[in-house]
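Here the protein sequences come in this chain order: A and B.
Counting from 1, one number per residue, gives the positions in the first sequence under full-length UniProt numbering.
Counting from 1, one number per residue, gives the positions in the second sequence under full-length UniProt numbering.
Honestly, I wouldn't trust all of these hints.
Unchecked claim - SDA-like mimics (lysine to any residue), calculated; alpha carbons at most 20 Å apart, straight line:
{"hint": "1", "chain 1": "A", "residue 1": "K39", "chain 2": "A", "residue 2": "F216"}
{"hint": "2", "chain 1": "B", "residue 1": "K142", "chain 2": "A", "residue 2": "K39"}
{"hint": "3", "chain 1": "B", "residue 1": "K27", "chain 2": "B", "residue 2": "P83"}
{"hint": "4", "chain 1": "A", "residue 1": "K91", "chain 2": "B", "residue 2": "D222"}
{"hint": "5", "chain 1": "A", "residue 1": "K142", "chain 2": "A", "residue 2": "E127"}
{"hint": "6", "chain 1": "B", "residue 1": "K53", "chain 2": "A", "residue 2": "Q46"}
{"hint": "7", "chain 1": "B", "residue 1": "K140", "chain 2": "A", "residue 2": "I50"}
Said to hold, decoys possible - Label-pair ranges, simulated between beta-carbon atoms:
{"hint": "8", "chain 1": "B", "residue 1": "H87", "chain 2": "A", "residue 2": "M190", "range": "32 to 38 Å"}
{"hint": "9", "chain 1": "B", "residue 1": "L208", "chain 2": "A", "residue 2": "K40", "range": "28 to 34 Å"}
{"hint": "10", "chain 1": "A", "residue 1": "N82", "chain 2": "B", "residue 2": "S181", "range": "47 to 53 Å"}
Claimed, not checked - Far from chain A, some chain B residues (derived; all Cβ distances over 12 Å):
{"hint": "11", "residue": "Y31"}
{"hint": "12", "residue": "F39"}
{"hint": "13", "residue": "H60"}
{"hint": "14", "residue": "A93"}
{"hint": "15", "residue": "G118"}
{"hint": "16", "residue": "E171"}
{"hint": "17", "residue": "P184"}
{"hint": "18", "residue": "K200"}
{"hint": "19", "residue": "P204"}
{"hint": "20", "residue": "E223"}
FYI, nobody ran anything at the bench for these hints, they're computed from the structure.
Ideal Cβ positions, reconstructed from N, Cα and C, are used throughout, including at glycine.
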Amino acid sequence: MDGEVILLDAYASMFGMRLRIALAEKGVKYEYREENLPKKSPFLFQMNPIHKKVPVLIHNGKPICESLIALQYIDEVWHDKNPLLPSDPYKRAQARLWADFVDQKVHILGRKIWSAKGEEQEAAKKEFIEALKVLEGELGEKPYFGGEEFGYVDVALIPFYSWFHAYETCGNFKIGTQCPKFVAWAKRCMQRESVSKSLADPEKVYDFVLILKKHFGVE
Amino acid sequence: MQSQRVWLLGFWASPFVQRVKWALKLKGVEYEYIEEDLFDKSSLLLKLNPVQKLVPVLVHNRKPISESILILEYIDEVWKQNPLLPHDPYERAQARFWAKFAEEKVRESTWDALCSRGEEREKAVKSSIEALEKFEEELKLKGTKFFGGETIGFVDLVAGFISYQLPVFEEVGSMKILDSSKFPATFDWIYNFLNHPVIKDDLPAKDLMFDYYAKRSKEISDEKDSCRNA
């Protein structure tokens with residue numbers, strides 16, 4: 001049986017979206033609990049005392065933090081349905097490498113786009129597009145990063161698509177025209193119910209970014 | 001290269017490479033080691049890791065794998081003897097969490113501390129100590145000889161730099177990060193780790209590390225200062 005599964009999350013969190021998608025792919029019933037970021041609850045501090053961040057997956061009372069770690073946990077526990085990581089060790093290593101690339105490049109550069117100004121913002125925009133082009137190269141002619149099947153890297157990356165509107169508005173640029181292959185892949189992913197039901201509304205993401213900007217004192 | 005053979009491209013001082021060497025030794029995997037000059041990178045390295053151009057690169061069945069923590073996972077999946085990660089999914093998640101913490105919170109701040117000066121260095125030293133305090137707490141909670149339990153595991157290998165490299169950083173930078181009175185569990189762990197048969201005979205020479213890191217620390221700090229003043 002699945003046991004008790006709670007997802008401590010925030011609607012606009014791209015990391016939380018990863019876990020929503022994975023749990024949906026595996027058909028796992030869970031209780032969703034929303035954190036009212038940037039304010040954090042005592043429960044969050046208790047479940048993730050080290051980093052104090054969402055998402056936290058809580059399975060039978062035990063917390064698992066860090067989205068890619070929780071993603072692998074979900075894949076291992078509910079291994080018989082829609083496996084996300086390939087079974088071959090070399091392909092698994094490549095999948096993990098690309099998921100790390102998403103965290104190191106897409107996430108960090110994306111954050112700079114909405115939080116930085118002037119030259120720093122311009123540099124971030126340029127590097128962000130470059131990173132997406134590298135990902136387009138890796139995708140090649142495959143329907144998904146996982147090959148024929150939707151997989152780990154797809155889950156890790158697709159949530160950022162819901163942040164594109166916020167990046168474009170804050171950065172005053174267009175992403176889609178520069179990365180059409182990426183957008184085609186994203187739209188393909190959005191056809192999956194697990195994705196369309198898990199991704200936040202881009203307008204609501206933008207509203208959240210405005211709250212973050214105010215909270216961090218960014219103009 | 002014969003497909004069955006295992007090759008490791010490395011650099012003698014790199015803690016990332018060291019993790020992989022220990023893992024291969026623990027598993028009893030024979031391999032060929034190729035020393036890279038990181039300041040004059042070979043065409044082989046650039047071919048095997050064109051994106052980051054970094055060591056370690058493990059080559060197995062003619063296929064290259066990079067990123068030390070990912071290499072450890074690969075090694076553990078291919079060679080099943082002496083498992084590095086626990087079997088239970090929750091325990092595995094915890095091990096991955098603490099390995100990531102050791103790398104991103106501990107090692108990165110100690111490196112920042114080494115390669116900076118003045119206020120920046122003070123800040124990095126403070127971050128290192130805060131991170132190590134959490135590491136200490138977790139060790140106390142576990143109450144075992146190693147992070148992996150009674151045997152060395154994934155987290156021990158990733159955090160291993162604390163045992164032999166951090167003291168060199170402290171000496172080079174005249175910094176006090178690991179105070180034995182404040183980190184008793186960590187010091188016990190360091191003692192156990194350094195005395196493990198696989199670890200103790202496979203460490204870079206202390207004096208060579210001192211010279212290398214003294215030079216690197218100055219070069220990087222000078223570069224930061226000149227960028228700031230440019």
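Violated hints, by number in ascending order, as checked against the structure: The structure breaks hints 2, 4, 5, 6, 9, 13 and 14; every other hint is satisfied.
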